[in-house]
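Undergrad: The primary structure of each chain is shown beneath.
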Amino acid sequence: MNAEAGRVRSLLDYYVTRGRTQIQAQFQYRAATYFWLIGMLAEPIVYLVVWTTIAEQQGGSVQGITTGEFAAYYIVWTLVRNMNIVFTPYGWEWRIREGQLSAALLRPLHPLHDDLAGFAGWKVVTILLWLPIAAVLWVAFDPVLDPTLLEVAVFSLAICGAYLIRTMFLSSLGMITFWTTRVGAIFELAIALELLLSGRLVPLPLMPDWAQEVANFLPFKWSFYFPIDALVGDLSRGELLGGLAMQLLWIVVLTGLTMVVWRFAVRRYSAVGN
Amino acid sequence: MATVRVLGLTKTFAVPEREAGLRAAAVSLFRRTTREVRAVDRISFEIGPGEVVGFLGPNGAGKTTTLKMLSGLLYPSSGEATVLGHVPSRRERDFLRQITFVMGNRNQLQWDLPALDSFELNRAIYRIPREDFTRLRDELIELLEIGDLVRKPVRQLSLGERMKVEIVGSLLHRPRVLFLDEPTIGLDVTMQKRIRSFVAEYNRRYDATVLLTSHYMADVEALCRRVIVIHHGEILFDGELARLGDRFAAWKTIAVDLDDGAGDFSAYGDVVERDAGRVKLRVPREETARVTARLLAEQEVQDLTVEDPPIEDVIEMVFAQEANER
Amino acid sequence: MRRTALLGWLFFRIGSMNELQYRANFLLQLLQSAVAVGTALVVLALVYSHTEELNGWSESELLVVMGIQILLGGVIRMTIQPNMQRLMEEVRDGKLDFALTKPEDSQVLVSIRDVRIWQAVDIFSGAAVLAYGVSGLERGVTVSDVLLFFALLGVGAVLIYCFWLIVATLSFWVVDTWSILELLDGVYQTGRWPVSIYPLWLRLGVTFIVPIAFAITVPAEALTSRLEWSTVALAVGFSAALFVATRYWWRFGLRRYSGASA
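Protein chains in written order, with this note's numbering: chain A, 1 to 274; chain B, 1 to 326; chain C, 1 to 262.
Looking at chain A on its own, in the form it has when it is part of the complex (with noise of 0.2 Å):
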């Protein structure tokens, strides 16, 4: 009981000291940081001036969403899209080719938690940065958001969720590599599915019935939309909690699914070696 709960501080200091190793070397590229981030404002912006320019012809919403749910949608969007950004299975592929993976075979770590631990540090950071962006959003485009308490604090944990969903998908496609060095075409597959369904392109209440139910069986839209809809939208407290526990379920089976393609990716980098 004890040699457990040793691991187990042990795990936490490792994530504390990781995660302050990756905002300390992050701070230094902070003007970088600000022009990608001022980049990736692009996409949001301009579905949200298509959206609020469509609301503005057709009387000032569109399927019940005002111009205002719109602009708090995008700006918000801004954040979770941050969280969900992650190691991809292109880092993957650079990962096994530099050797760095056999410095990660070498350490008496599973490298997944240097992964979260290190991407946790870099999302600190945005999220830091972020910060500004958000005020000059919302004095652009006149957002209408009023959460509740509980919102909030359900929103705080979505978005840790998001990231975790997000790491877990990712990890277990990006493993693919070890297999295949082709592994971009799975990914690209897994994109443009993941940009129409998640409610990155579009709010998903304006997908057509059909698309809105497969929705519902894909991980994406538990990474990306429901965070953005416990903050905006005006969900139930039942709705609420229901959707953190669909998180959990989908980081439970894909962080399995993880574990099980690693256990088989060692086995077989180990044949091959690099």
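Residues from chain B shown here face chain A by an in silico Cβ test under 8 Å; the list is partial:
(1) Tyr75
(2) Ser89
(3) Leu96
(4) Phe101
(5) Arg106
(6) Gln110
(7) Leu113
(8) Leu121
(9) Ile125
(10) Tyr126
Read the hints as simulated data drawn from the structure, not as lab findings.
In this text, a Cβ means the ideal position worked out from N, Cα and C, and glycines have one as well.
Based on these hints, arrange chains B and C on the given structure of chain A.
TA: Relative to the frame of chain A, chains B and C by itself:
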């Protein structure tokens, strides 16, 4: 109890074969021919605690592959290996915490931050108690004299400096077994010497077992009492370094640059090469000083260098000798 | 001028031979292009399921805009972007000297030496979308419309090239312009929709600062009978002025570069 025990260890790779040309490339899309390469061929040896063993051999001999199998990075195709009582390929956490693998030219530290921060990270990874960590870290920093380097971002360090901090970072958890793969590659002579003396000191102080690969004879001469010579995946020689040098590196090469390269030099030794102004002589090891003195006294020498026989030649001689003795 | 064309052809051949080796790249590019076009069409369909027209632009007209954006994007990724990226890299690594000591005009050389032939896939998919959009236009296109379209497309390409070169030349002063590329990539997305829907500040930004409006919306206006002669004059004038300015800027930056490394 032996720290490292290896029995009949073998590793074969399937290497894809392809000919040049567009047509062959098209064919290779549909049909892949592979060739089996035996990187390591049924090697066996035992290493005791605290030994420093050098693995000598030319590129592609199988040295790195052997080390990778002993550290758990590669699965052996057949045979057994035990390190510190563990089977390396199982990659048990307790095992990984007691070893370290330093690869020359590979960066494991955080690029943008001072080495001290990366050390802190290693402390967390290997779960080193704080006091032990601080004490050992400071000792190692002092030993390698990198006190002012550890505060600079790693990317600002030169190649040699980077190697030094990498080594310190890899030893903070006080591993009992060190795998050093070409640790001095690409470094200048002073740095090479520094690293060698450091490893010797570390071995002395902490009684760590060191497995070192190199194709620099100098690395091995400085550190190892015992060498294992590997060629084509097989062990050609396993024994004391002194024996190897005596038996196989029996001669040296003297290269002289002269004004006038004509004339008969056969009195000095075997003439291996002759160019306008440059003559290369092969002389028995014991004769080197005497012949050098004679050359300098009797000839108009512009420049003179004394070279060890290249390792490939030594290996060849070892191979030839072993073949004869079989 | 003829020499430039000859050089361009040479680099194109070499670049193609290099890239043709990588079949995987081609397939991946095909897939990426298909995914990008596919999702864009889906979004367009979704938008038009909720409305008849966007700021006066019908669905077919919007397909025209989109087709031009994809096509031009292919041109940029095939020739302009790789060259500018390489320029910035070489400035950072000090390797630009190799290009500067060749007996060719340096601006020409750094602008045409890299060709990513597989990006041409986007040119074809963009053209396909464009053709589809044109086929659905209410008011048909006349020959003069088409000619004007190609002319304005060329003008737009020149504008974008000038803009990219100006940004790349900034790397003579500021070493890390890399992140600006990310920014530009993002901003190019705004070109998928007609510029008139954007709020004023954004519209001005993508017209004069990053000349996307001139490159995409204006040729689209030619095909959709919206074009006014004042716009044409502005586009051509702006382009000519920028081209000249870019040349001066390049030589200015070059003097600075050579001075610095001397």
